[in-house]
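Q: Using the hints provided, position chain X relative to the given structure of chain S.
Keeping their order, the protein sequence lines are chains S and X.
Every number in the numbering used here is 38 more than the matching position in the first sequence, counting from 1.
Every number in the numbering used here is 59 more than the matching position in the second sequence, counting from 1.
Source of the hints: derived by calculation from the structure; they are not laboratory data.
Remember, predicted model here, so these are calculated numbers, not experimental data.
Honestly, I wouldn't trust all of these hints.
[Stated by the list, open to error] Derived lysine to aspartate or glutamate pairs resembling EDC-like cross-links, with alpha carbons at most 20 angstroms apart:
#  : chain 1 : residue 1 : chain 2 : residue 2
1  : X       : K62       : S       : D163
2  : X       : K112      : S       : D387
3  : X       : K106      : S       : E592
4  : S       : K421      : X       : D93
5  : S       : K533      : X       : E105
6  : X       : K79       : S       : D313
7  : S       : K421      : X       : E290
8  : X       : K62       : S       : E586
9  : S       : K576      : X       : E271
10 : S       : K545      : X       : E98
11 : X       : K255      : S       : D537
12 : X       : K112      : S       : D537
13 : S       : K576      : X       : D93
14 : S       : K541      : X       : E141
15 : S       : K410      : X       : E214
16 : S       : K526      : X       : E98
17 : S       : K534      : X       : E214
18 : S       : K534      : X       : E105
19 : X       : K142      : S       : E409
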Amino acid sequence: MQLDAKIPGGPIEQKWDKYRFDLKLVNPANKRKFNVIVVGTGLAGGSAAATMAELGYNVKNFCIQDSPRRAHSIAAQGGINAAKNYQNDGDSIYRLFYDTVKGGDFRAREANVYRLAQVSNNIIDQCAAQGVPFAREYGGTLANRSFGGAQVSRTFYARGQTGQQLLLGAYSALSRQIGAGKVEMFERREMLDVVIIDGKARGIVTRNLITGEVEKHAADAVVLATGGYGNVFFLSTNAMASNVTAAFRAYKKGAFFANPCYTQIHPTCIPVHGDYQSKLTLMSESLRNDGRVWVPKKPGDKRAPDQIPESDREYYLENKYPSFGNLVPRDVASRNAKEQCDAGKGVGDTELAVYLDFADAIKRDGRDVIEKKYGNLFQMYNKITADDPYKTPMMIYPAVHYTMGGLWVDYNLMSTVPGLFVLGEANFSDHGANRLGASALMQGLADGYFVAPYTIGGYIAGETLNPVTTDHPAFKESIQAVNEKTEKLLSINGKKTVDDFHKELGKVLWDHCGMARNNNGLDKAKGMIQNIRAEFWKNVTVPGSQGEFNQSLERAGRVADFLEFAEVMVTDARARQESCGGHFNEEFQTDENEALRDDENFCHAAAWEYTGDDKEPNFHKEPLTFEHVKLTQRSYK
Amino acid sequence: MSKTINLTLKVWRQKGPDVKGKLETYQADGISTDMSFLEMIDVINEKLTRDGKDPIAFDHDCREGICGMCGCVVNGRAHGPEKGTTLCQLHMRHFSNGDTVVIEPWRSRAFKVIKDLVVDRSAFDKVIQAGGYVSVNTGGAPDANAIPIPQVIAETAMDAAACIGCGACVASCPNASAMLFVSAKVSQLSLLPQGKPEAAKRALAMVRKMDEMGFGNCTNEAECEAECPKEISISHIARMNREFLKAGLFSSEK
Chain S
39 MQLDAKIPGG PIEQKWDKYR FDLKLVNPAN KRKFNVIVVG TGLAGGSAAA TMAELGYNVK
99 NFCIQDSPRR AHSIAAQGGI NAAKNYQNDG DSIYRLFYDT VKGGDFRARE ANVYRLAQVS
159 NNIIDQCAAQ GVPFAREYGG TLANRSFGGA QVSRTFYARG QTGQQLLLGA YSALSRQIGA
219 GKVEMFERRE MLDVVIIDGK ARGIVTRNLI TGEVEKHAAD AVVLATGGYG NVFFLSTNAM
279 ASNVTAAFRA YKKGAFFANP CYTQIHPTCI PVHGDYQSKL TLMSESLRND GRVWVPKKPG
339 DKRAPDQIPE SDREYYLENK YPSFGNLVPR DVASRNAKEQ CDAGKGVGDT ELAVYLDFAD
399 AIKRDGRDVI EKKYGNLFQM YNKITADDPY KTPMMIYPAV HYTMGGLWVD YNLMSTVPGL
459 FVLGEANFSD HGANRLGASA LMQGLADGYF VAPYTIGGYI AGETLNPVTT DHPAFKESIQ
519 AVNEKTEKLL SINGKKTVDD FHKELGKVLW DHCGMARNNN GLDKAKGMIQ NIRAEFWKNV
579 TVPGSQGEFN QSLERAGRVA DFLEFAEVMV TDARARQESC GGHFNEEFQT DENEALRDDE
639 NFCHAAAWEY TGDDKEPNFH KEPLTFEHVK LTQRSYK
Chain X
60 MSKTINLTLK VWRQKGPDVK GKLETYQADG ISTDMSFLEM IDVINEKLTR DGKDPIAFDH
120 DCREGICGMC GCVVNGRAHG PEKGTTLCQL HMRHFSNGDT VVIEPWRSRA FKVIKDLVVD
180 RSAFDKVIQA GGYVSVNTGG APDANAIPIP QVIAETAMDA AACIGCGACV ASCPNASAML
240 FVSAKVSQLS LLPQGKPEAA KRALAMVRKM DEMGFGNCTN EAECEAECPK EISISHIARM
300 NREFLKAGLF SSEK
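Chain S on its own, in the form it takes in the complex:
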């Protein structure tokens, strides 16, 4: 089946305007008759719930944390892109569009990306109006910094905690609607199923994480804004509770999963230091504005960094990519770090690290200036490693950070299940095979504030939605399936913990479906995942019971889904016989070890359809056409 992305006709600059005009409207007085469920309260979910409520819909909003203010968007550090051109350095909507399509290695949908660049400017205006304390120049205007993959300065920021401030902005808008009674907020709830009635998404089933009670909610449309699946690797920069469960259960109900093999390995994270480690910590890409990446020229050079003279250092990014230097896109920076370490030039105890050095920047600008820009990041680094980056270079290594893959959506951000919309990192839409820095915040807020509220309205106005209550038998069936799975997990009483299995799975994926993949490794990984999964269902131990606050049970459910999802991921990686962006198959590379695309055969989004447990998923494709950005080998030299 060829997927229809429903991209509107007309010139790219006018598509979104024209489409908004063509969308049917819901009469303001009628909006209160419609119920919308939003799962997730991050940038995408929180902004969508608030905006839909402002428009007049009745919104139910769900989150797994104890408060909507804690969604993982909060941890984004560096900034948010917008095509404001406040710096007068030649930026424009077209340039942001161009950079994003190129940065994504030509595997994103042009029309979506153009719309994203268009609304980027509205986002900055909206957030400033909410009282987000963006960094400012002395004259009081907004400040910008540079990020990877761009030669203009278009990133807006609030110290090293931009995600926090933007999320608290969305949270404040959401709180206002909760206070006004337009949003009913459900904290500490985990979505365990989407309920489909007459082929449309009409509700969800959740578990109350305090009481264990399984609850049901009906609605006219369901929005998933449940984030990415990076935690499938066990170690990632994601928050501990980030998971694929909501998206995966939707997949099992008919929503296609697109490009799951596109994972972003972020180049600047604090290296792994022990097997007890629970997660990895990111050091913002913005550090590459001022930090210089280097390794010793000679493999095995064990001298302390300050004992290595300039002549014995290799600034490999600056040497190899003179025009972008340290600010090459993330996939390129990560692969090069791996290449240096593979060549024996890695530093630190594990030799799986490279230096990120601020000595020159401190000499040039003074410690004060550097402290103002990155103070909280330097402090965080110092807390974790006990090293002082003002005095000695940071040690960094790539880590799983973001997932470009996600549930397939059309131009309306609607999945293959009518009435089921997917926003933010949970969908696959805008970043292609590699996301540029400071674009995740932009996409989350674009989807939630400025896209979905229109397209969901268009769906509601254009469909006949028969009244549905939670008494419908579909809810009962769904609850029964959820309960059976829970009872099974609790009854195994095996010898290994949930984390044991999760760590095993993570290692298989990191080794065979991580920064570099090859066909042999992927074939092997598939069998290994199946074995881990089989053992999990025989030998896992989950203490406690269903009817109580039970964090082990929560984790068990999520890892069970990861164990199934991982296989779809590997299947997708194996099927894509090319390299592009975050998907680097060693068998497809240029003479200079860059990703080698095969546009003839793989210029498409791969969307996978669930066909049953332990069955191969069906493959569907959405061909991608590039009318504005010419398909070329990416070059950052």
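A: Same frame as chain S, but now just chain X:
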């Protein structure tokens, strides 16, 4: 350099909100000093699970010190002994071999214990819902550079906005007052031009809600400032008091 230490933990265990809790003793041996405090609890929990016992329930998520989900009282101090540090960013190198470590939940009338170290902080959300926002709908914003904001004002607002809503201020206050949390939001928005039109209404509504939720009063103990992992200054409490007084005396808001 990393080494390992042995600790004795005394951890608050409580089955539920209406059940009596007590301190249980656990031995934590071979703890790497490079571990974070929460990774140390992970290690204990893995062991408890293998032994067929109920692991210790505790809230945590980002483990980067920004989501505000984690937090316990460690040896009588909120988030433990390190200044300006959340529990997830506290590392075991700050403890010595043989130490006894007492771990308890936040204690406050407004934060009920859910289980073990997990408490209900929804009262914070209720206070924000009462007025911790600028009333602007999506789509109605002017160009972001239309209203210049002096850098020093933006920076002071950012100092206040850095609050992560963890509740350490309440847990460390002898009166279980939420003044630091509430004032951080009142202060941020009253400093910025975008927040000024509603400043009086906001101060009155948020203070009223704070009282209603059962938080105590401020008696200038300054314990909150000392324990705040984001080092929010009590000068924001002074600003909130001014906003509150101004609103009561000079505005028509009720």
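Q: If a hint holds in the structure, say so; if it doesn't, say that too.
A: Each hint tested on the structure:
1. Restraint check for X/K62 and S/D163: the C-alpha separation of about 51 angstroms exceeds 20 angstroms, so the hint is violated.
2. Using a Cα cut-off of 20 angstroms, the hinted pair X/K112 and S/D387 is violated, with the two alpha carbons roughly 36 angstroms apart.
3. Annotation: proposed proximity of X/K106 to S/E592 holds, straight-line Cα distance about 18 angstroms (limit 20 angstroms).
4. Our distance criterion of 20 angstroms between C-alpha atoms is met by S/K421 and X/D93, whose separation comes to about 10 angstroms.
5. Among the hinted pairs, S/K533 with X/E105 is consistent with the structure: their alpha-carbon atoms are about 11 angstroms apart, no more than 20 angstroms.
6. Note on X/K79 and S/D313: the hinted pairing is violated, with a Cα-Cα distance of about 36 angstroms set against a maximum of 20 angstroms.
7. Only pairs whose Cα atoms come within 20 angstroms are accepted, and S/K421 paired with X/E290 is accepted, the gap being roughly 15 angstroms.
8. Straight-line distance between C-alpha atoms of X/K62 and S/E586 comes to about 38 angstroms, which puts the hinted pair past the 20 angstroms bound.
9. Taking the CA atoms of S/K576 and X/E271, the gap is about 51 angstroms. The hint is violated against a cut of 20 angstroms.
10. At roughly 19 angstroms between alpha-carbon atoms, S/K545 and X/E98 fall within 20 angstroms of each other, so this suggested pair holds.
11. Using a Cα cut-off of 20 angstroms, the hinted pair X/K255 and S/D537 is violated, with the two alpha carbons roughly 49 angstroms apart.
12. Between X/K112 and S/D537, the direct Cα distance comes to roughly 16 angstroms. Compliance with the 20 angstroms bound is thereby established for this hinted pair.
13. Restraint check: the Cα-Cα separation between S/K576 and X/D93 comes to about 34 angstroms, which exceeds 20 angstroms; the hinted pair is violated.
14. Between the alpha carbons of S/K541 and X/E141 the distance comes to roughly 30 angstroms, so the proposed pair goes past 20 angstroms and is violated.
15. A hinted pair counts as satisfied when its Cα atoms are at most 20 angstroms apart, and S/K410 with X/E214 qualifies at roughly 10 angstroms.
16. Straight-line distance between C-alpha atoms of S/K526 and X/E98 comes to about 28 angstroms, which puts the hinted pair past the 20 angstroms bound.
17. Of the pairs offered as hints, the one joining S/K534 and X/E214 is violated, with about 50 angstroms between alpha carbons and a cut-off of 20 angstroms exceeded.
18. In summary, the hint linking S/K534 to X/E105 is supported, as the alpha carbons are separated by about 10 angstroms, within the 20 angstroms threshold.
19. At roughly 18 angstroms between alpha-carbon atoms, X/K142 and S/E409 fall within 20 angstroms of each other, so this suggested pair holds.
Consistency note: the structure conflicts with the earlier hints numbered 1, 2, 6, 8, 9, 11, 13, 14, 16, 17.
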